[in-house]
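Colleague: One letter stands for each residue in the lines below.
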Amino acid sequence: MAAPRRRHEPAETPPAETVIVDAEIGCGHDGRAELVVSLRWSNGHVSKVVLDTEAGLRLMRNCGVAHLSELAGHSWRKILEESKCST
Amino acid sequence: MAENFGGVEVFDLIIKGGSVVDGSGRARVAADVGITNGVIAGVGALGTDARQTIDAAGRIVAPGFIDPHTHFDVQLLWDGEARPALEHGVTTIVPGNCSLSLAPLKAEHRRGLVGMFQQIEEMPLAAFTDAFEWTWERFDGYVEAIERALSINVAPLVGHSVIRMWVMGDAAQKRAATRDEIAQMQNLLRECLEAGAVGLSTSFVDVDERLHPVPSRFAYREELDEFAKVLGESGKMLQVVPEFYATDLTIARIDQLAELSLAYAIPTTFSPLFDSAATPDNVPRTMARVEEQFARGARVWPQVQTRPIDISFSFERPSLFFARFPSWFRVMRLPRAERLAALRDADTVSRLVQETGADGGRAMLGRLRVRGGEGAPTEIVGRTLAEVADDRGEAPALALVNLSLENDLGVPFLAESVGHQDSARVGPLLAHPLVHVGASDGGAHITSFSTYGDTGFLLSRYVRETGHLTLEQAVRKITADTAEIWGLERRGKLETGYAADVVVFDAERIDRGEEHAVFDMPGRGMRYVRNSIGVDTVIVNGTIAYSGGAYAASCAGVVCR
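These protein sequence lines are chains V and A, in that order. So the first sequence is residues 1 to 87, counted in this note's numbering. So the second sequence is residues 1 to 561, counted in this note's numbering.
Next up, chain V with everything else stripped away, as it sits in the complex (with noise of 0.2 angstroms):
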C-alpha cells in the first residue's frame, strides 16, 4: 500500500486538462443562436459555458470542426487560440 501523499507533495501525474465533453445549440437573450459547451474540468467537474456566436464560431474554427458532435474530446484551451483559416 502507497504511503499517503504528503501535503505539498506534487502529484505523481499532472492534472488533466479542461476538455469539451459535450456541445448544443443554445439561444442568446439577444436573439442569436449561442453554444452551449459542456465542460469537464480538471477536478472532474462538469458545468456547462454558454459561448456568443463570435465566441462559438472561434472555438469551431480553432478545433477545425463543422458539425457540434466533433467538438467533444477537444481541449478547452482551443478556445483561447487565435483565429485560425476556416475548414
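Honestly, the hints are just simulated from the structure, not real lab data. Hints may contain errors.
Stated by the list, open to error - Just a few of them, taken from the derived set where beta-carbon distance is under 8 angstroms, the chain A residues facing chain V:
#1 Gln184
#2 Tyr245
#3 Ala246
#4 Asp248
#5 Phe329
#6 Gly419
#7 Arg490
#8 Ser547
#9 Tyr551
This one's a predicted model, so the numbers in the text were calculated from it and none came from an experiment. Beta carbons are placed, not taken as given, at the ideal position from N, Cα and C, and that holds for glycine.
The hints should help you fit chain A onto chain V, whose structure is shown.
Modeller: Frame of chain V; chain A shown alone:
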C-alpha cells in the same frame, strides 16, 4: 382632492365604470377613478362632475406599467413618447442599464460611448449623429434635455462605464482605479443621484465595438463596494449584468450583490435570466441562491422577461444555427464572394439540400419564417419557408438558398420561440414572488427583434391562456412591485395621492401585435416593433398620452426623482 365649486366636486378627469385593479394585488372592484392636478384624487363611486370623462365600462383600469430595463436613452431625445412602449400601457421606463448612459459624458468620449451602444444595443450611428444636438456633459444636462418633451415618465440609471470614462479617460478601459480616482467617481455618482438618477448600472460581460471589455469590467471589487456605499446614502438601486453564460459565475455574483445589499441597505437587480432547454438547471440553481440570499435579508432581484426568445439569421453573416449541418456551416463561414459562389454552384447546393433530409428540409427548416426588413421581399414577409417553397415549387432547403441569392443574401429568417418558451417552466417562474418581471431591453436590439409588448404578452399568455398568474397578480408584478423595488414613490398604485399613471385595457384582448419592420429611426433606419392590442387609453400624470390608437404628444411625463 377634487376641486370644489359651490359644493360640487369637480375632477379634471374621471374614468367611470371600469373594473379597478389597483396594483396592490387585491381583487378587482367596480369603481371610478378621479384625477386632479395629475394625481389620483379619488377611487370609488364618484358621482361627481369632471372636465373630462372616460367611459371604461367593460374595461380594466390599472396603474400604468413600469418597465425596469430599457435602453431608450437616445430615443428619448427625439421621441419623448418612447414609441411604441407607451401604447402598451407602459408609463414609466428605466433607461441607463448595463453600465451605459448618455451622461455624465465629456465631448471627447462621445464617439467611444456611441460605439458601445452600437455594439451592445445595436443602435444605428445615425441615431446619435442626426437626430439631436449634444447639449450636455453632466447628468443634470441630460435630464434637462429629455425633459423638454417627455410624454412618458423616466427613472434613469447612471452607467458605471461612463463614470469611469469621465474620471479616468482612456485608462478607464485599461486598468483598475486608484484610490483618488475612486473618490472622484464616488463624488460624480453622488452628483448624478442628486440630479435624478435612480441608481447605478454596471456590467461584467459587455464589450465595445472593438470587442474590448467595457470600462466597468476593469473595476476591482473595491470600486463597486465604494459605489454601493454612495448608493446606500439614499437607498438607490444597483443594476448588474452578471456572467449569465455560466450559472456558477452568476451564483457568485448573486452572493457579491447580496453582501453589498446587506452592507449598504440597497436593492440590487440582475438580468438576463431566462429558461433554455440547453441549460435546464440554470434557472432552478439561480433561483435557489436568490431565495437563500433573500432569506438572509438581502435584496437581489432577478429580472425575468416574459417573451420567448427567437433566433434570427441571414446568409449575410455566419450563424451557429447551422452548426448541426456541416455543409451549410462551411458555406456560411466562407468570405462573402466565395459564399455567393458556393450558393450558385449546383453541386454544392445539391449537397446542402441532401443534408437537410429526404424531405428537402421540410421537417428541419420548413417552420422558419421570413422576417420583414430591408432585405426581404414584402410579399413573403411573415410566411413560413415551407409555404414559400410550395409556392415556388421547390424544396424548402432549396428555397432558402434561392431566396437568399435573389435578395443579395439579405433575407432574414426567424426560428420562433426556441428559448424561454415552455409555459410550464416560465409561467411558475414569472409568478415566483422573488422574480422581478422586466428585462425587456426596450429600445435596444432594434434590428434583431422587437423589445416591445412584453406586458401585453404577460397578460395574454400567462394570465389569460395558462392562468399561471391572476390578472391582479400580474398587474401587481409590473406596477406596485416594480415601484417598490426601485423606490419610485407614489407610483404603481391607484390610490388617492398617487401619481395618476393609468392604463385602461380590455382583459380579453390585451396582447402584443405581430412583429413588423418600420423605418422610423433617424436616417430612415429600420427597427422591429410590435403594436399594442386591446389597450384603449394610457394616462401619464393625469394627462391622456395615448387613446384610441393615437398618440397625444401630452408632454406630461417627468423624470422621477
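Colleague: Would you settle whether the hint for A:Ala246 is holds or violated, based on the nearest Cβ-Cβ distance to chain V being less than 8 angstroms?
Modeller: Status holds, d = 5 angstroms.
Colleague: Per the CB criterion, is A:Phe329 less than 8 angstroms away from chain V?
Modeller: holds (5 angstroms)
Colleague: Given A:Ser547 as an interface hint, is its Cβ closer than 8 angstroms to any Cβ of chain V?
Modeller: violated (32 angstroms)
Colleague: Would the hint on A:Tyr245 be counted as holding, given a Cβ-Cβ threshold of 8 angstroms to chain V?
Modeller: holds (4 angstroms)
Colleague: So, as I understand it, the hint says A:Asp248 touches chain V; can you test that by seeing if any CB pair is closer than 8 angstroms?
Modeller: Nearest chain V Cβ about 6 angstroms off; hint holds.
Colleague: When the nearest CB of chain V is found for A:Arg490, is that gap smaller than 8 angstroms?
Modeller: Nearest chain V Cβ about 33 angstroms off; hint violated.
Colleague: Closer than 8 angstroms between Cβ atoms is the bar; does A:Gly419 clear it against chain V? Give me holds or violated.
Modeller: holds (3 angstroms)
Colleague: Taking 8 angstroms as the limit, does the beta-carbon of A:Tyr551 come near enough to a beta-carbon in chain V?
Modeller: violated (27 angstroms)
Colleague: Given A:Gln184 as an interface hint, is its Cβ closer than 8 angstroms to any Cβ of chain V?
Modeller: The hint is violated - A:Gln184 has no Cβ within 8 angstroms of chain V, the shortest such distance being about 34 angstroms.
Hints 1, 7, 8, 9 from the earlier list are contradicted by this structure; the remaining hints agree with it.
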